[in-house]
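So the sequences go chain by chain: A and B. Using the numbering used here, the final residue of the first sequence is 125, and nothing's skipped along the way. Using the numbering used here, the final residue of the second sequence is 1500, and nothing's skipped along the way.
Treat the hints as calculated values from the structure; they're not laboratory data. Since the structure is predicted, the reported quantities are computational estimates derived from the model, not experimental observations. Honestly, I wouldn't trust all of these hints.
[Claimed, not checked] Okay, the calculated beta carbon distance ranges per label pair:
1) Arg59(A) <-> Glu1057(B): 55 to 61 Å
2) Gly1067(B) <-> Ala95(A): 52 to 58 Å
3) Thr110(A) <-> Asn1306(B): 37 to 43 Å
4) Ser1219(B) <-> Phe7(A): 24 to 30 Å
5) Arg1028(B) <-> Tyr55(A): 49 to 55 Å
6) Glu1156(B) <-> Ala60(A): 51 to 57 Å
7) Asn1306(B) <-> Ser92(A): 51 to 57 Å
8) Asp114(A) <-> Glu1057(B): 52 to 58 Å
9) Gly1208(B) <-> Thr110(A): 52 to 58 Å
The beta-carbon is built from N, C-alpha and C at its ideal position, and this holds for glycine as well.
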Amino acid sequence: MFGANLFANLDEMVAIILFGIGFTTLLFNRNIIKKIIGFNIMDTAVFFFLASMGYIEGRAAPIVVDGVTSAEAYINPIPSGLVLTGIVVSVSVTAMMLALSIRLYRRYHTLYLDEIYMFAQKEDK
Amino acid sequence: MDFIRNFPFFGIMLTMLAAIISLPMRGRAAKTISLTVFAIETLLAASVLIYTVHTGESFVYIMGHVGAPWGNELRAGVFEGLMAYFFSVVMLLSVSGGLKHLRLDIEESKRNFYFVMTDLLMGALLALIYTNDIFTAYVFIEISTIAACGILMIREIGRTTLAALRYMVFSLLGSGLFLIGIVLMYDLTGHLLMENMRLSVELLVLSGQFRIPLTVAISLMTLGMAIKSGLFPFHFWVPDTYGYSTPASGSILSGLVSKGYILILIKIYCRVIGWENLVQIGVTDILFVFGLAGMIVGSISAIHQNDIRRMVAFSSAAQIGYIYMGIGLGTQAGLAAACFHVLCHAVTKPLLFISASGLADASGGSKLFRDLQGSAYRNRWAGIAFTAGAFSMVGMPMFSGFISKLLFATAAVQVSVARMLPTLIVLAISTVLNAVYFLRTVIRIYTPAEQEIQGSMRIKWTQQRSYILVLLVFIALNLILGLFSQYIADAIQLGLSMFS
Chain A
1 MFGANLFANL DEMVAIILFG IGFTTLLFNR NIIKKIIGFN IMDTAVFFFL ASMGYIEGRA
61 APIVVDGVTS AEAYINPIPS GLVLTGIVVS VSVTAMMLAL SIRLYRRYHT LYLDEIYMFA
121 QKEDK
Chain B
1001 MDFIRNFPFF GIMLTMLAAI ISLPMRGRAA KTISLTVFAI ETLLAASVLI YTVHTGESFV
1061 YIMGHVGAPW GNELRAGVFE GLMAYFFSVV MLLSVSGGLK HLRLDIEESK RNFYFVMTDL
1121 LMGALLALIY TNDIFTAYVF IEISTIAACG ILMIREIGRT TLAALRYMVF SLLGSGLFLI
1181 GIVLMYDLTG HLLMENMRLS VELLVLSGQF RIPLTVAISL MTLGMAIKSG LFPFHFWVPD
1241 TYGYSTPASG SILSGLVSKG YILILIKIYC RVIGWENLVQ IGVTDILFVF GLAGMIVGSI
1301 SAIHQNDIRR MVAFSSAAQI GYIYMGIGLG TQAGLAAACF HVLCHAVTKP LLFISASGLA
1361 DASGGSKLFR DLQGSAYRNR WAGIAFTAGA FSMVGMPMFS GFISKLLFAT AAVQVSVARM
1421 LPTLIVLAIS TVLNAVYFLR TVIRIYTPAE QEIQGSMRIK WTQQRSYILV LLVFIALNLI
1481 LGLFSQYIAD AIQLGLSMFS
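I would like the entire structure built from these sequences, with the hints used as guidance.
Dropping the structure here:
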């Protein structure tokens, strides 16, 4: 039945909706800073997706403290590792985008892409 | 001989090391390091290519003594060796051909950063070619995006910065989609290494489970890479990005970076999903339609340009359409033709960008067609090189472009009529359109100028020896691809057969 899995996969649903919000903001918003915020929402949604997929109810983080070595007691550490790698990538890309927007703002004194585009075309003539 | 198995890893580490060492250096020293590294990369890739052709099988390099299914791996076969070889050669030539403009376009104090970025880009492209791990592929896709944006924005004029921002936005949309695609794939298969994923995908397809999520994951990855490589209708960022950058960057971005994304997509198609499954799911049909549309739309937009750099840039969008059309044919022959066209375009487009910059130099720096009239007389070598590149793109016999069109047409007649007819018709129309704008430009540059353009001057060969050498090597590469195409096509076939 349609919707039967809806509540079972609530985390994933939320992640995909967030991804959509981030994606459309990055694509359609005319303000550069909001675009960057959109990008961060999009990437965070993916991390949320990974983290919630990687978590198994009732299992612990994969760090041996009480001498329990059975793999059944822990969750898989790889998704968390991927999230960390993804965060590093996302931070560097955000820094790059912010640097670009600073440079554009210094030159055109606005953060709106339409206006920047207009000024740039005037410059050409 | 088995020592050669280390070369893919050495190649990637060498570029990373060079980037770190170049950071505190002055521009000149950084340039020497970069060019040396690219030359070494060529030798390493050539050794890998010869070794794999000799042994007739691919090999896997395990990173850090942890084997599959947990560790990280590199894999090299004939396909990887061939692509890495051509990519290193084109990188070396593009940077050395654009050196004069690098001096003009980039501040003295920032020149070393340019070479840091090209080193990183080379490393990222090699890693994309060699990697066997899908998440590593994602990380290097992002590294190549940042490095590509770096070599773009280093030219500090308003239009280039704006182009860099647009490029970055579209690239991020693409890599975001790719990321969620691979996360879904990881979720479905439980693996990150391509071989293990392939086994799980086979099981999923056989059992008929999770059909929709699998299709969605594949579509997301395809869409992401299509945006990043500039397939129609996502080609809006292409003209500004290639058109306003310094010539070396334009060459690298259009010739190599966009191809790197296509190669990783081909690897995922063949080694993770399996070619038959892909065709069955129907992703190739969509690529086929957009590829055909791109071939026409890119060319029509190119005809409307009055600026030589933007015209060449729009022609790139059309050529990307050719490549996706080849993949979209859904046969091994089509895929092989697409791979050949990747090489053909990688050696031709940088030639066009770099020779166009030579023509503009002889016309007072103007890139407008009206000022370029007669420029082939003012800078003879650039004129000859541009003509050779234009002939190749139009598809004149002897040049590489002819062979890729021939391969596309041969591949097209082997498929059903519903695909054969559109392919052949669009191929013919696109060739005519190519001829219209490229030959029009060639005629323009060989028509004597009616009046003196301000700042125009005659450039003698003694003033640009290394530049001419680069152009000649590019033309030679083009002719080699055109005249000895059988060997290259055989190598591509062999490489693709090693994938499965």
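Query raised in the report: Using the C-beta atoms of Gly1208(B) and Thr110(A), is the stated range 52 to 58 Å upheld?
Result: Given a distance of about 54 Å, which is inside 52 to 58 Å, the answer is holds.
Query raised in the report: Has the hinted range 55 to 61 Å been met by the Cβ atoms of Arg59(A) and Glu1057(B)?
Result: violated, 41 Å
Query raised in the report: That 52 to 58 Å hint for Asp114(A) and Glu1057(B) (C-beta), does it hold up?
Result: Check passed, 56 Å falls within 52 to 58 Å.
Requested in this report: Could you tell me whether the CB distance from Asn1306(B) to Ser92(A) stays inside 51 to 57 Å?
Outcome: violated, 38 Å
Report task. Just tell me: holds or violated, for the beta carbon distance of Ser1219(B) and Phe7(A) against 24 to 30 Å? Result -> Holds: the Cβ-Cβ distance is about 26 Å, inside 24 to 30 Å.
Query raised in the report: Should the hint that Thr110(A) and Asn1306(B) are 37 to 43 Å apart at their CB atoms be regarded as holding?
Result: violated, 28 Å
Query raised in the report: Should the hint that Arg1028(B) and Tyr55(A) are 49 to 55 Å apart at their CB atoms be regarded as holding?
Result: holds, 53 Å
Requested in this report: Determine whether the Cβ-Cβ distance between Gly1067(B) and Ala95(A) falls within the hinted range of 52 to 58 Å.
Outcome: At 36 Å between Cβs, range violated.
Query - Beta-carbon spacing of Glu1156(B) to Ala60(A) - inside the hinted bounds 51 to 57 Å or not - result: Given a distance of about 52 Å, which is inside 51 to 57 Å, the answer is holds.
The structure fails hints 1, 2, 3, 7 (numbered hints given earlier, in ascending order).
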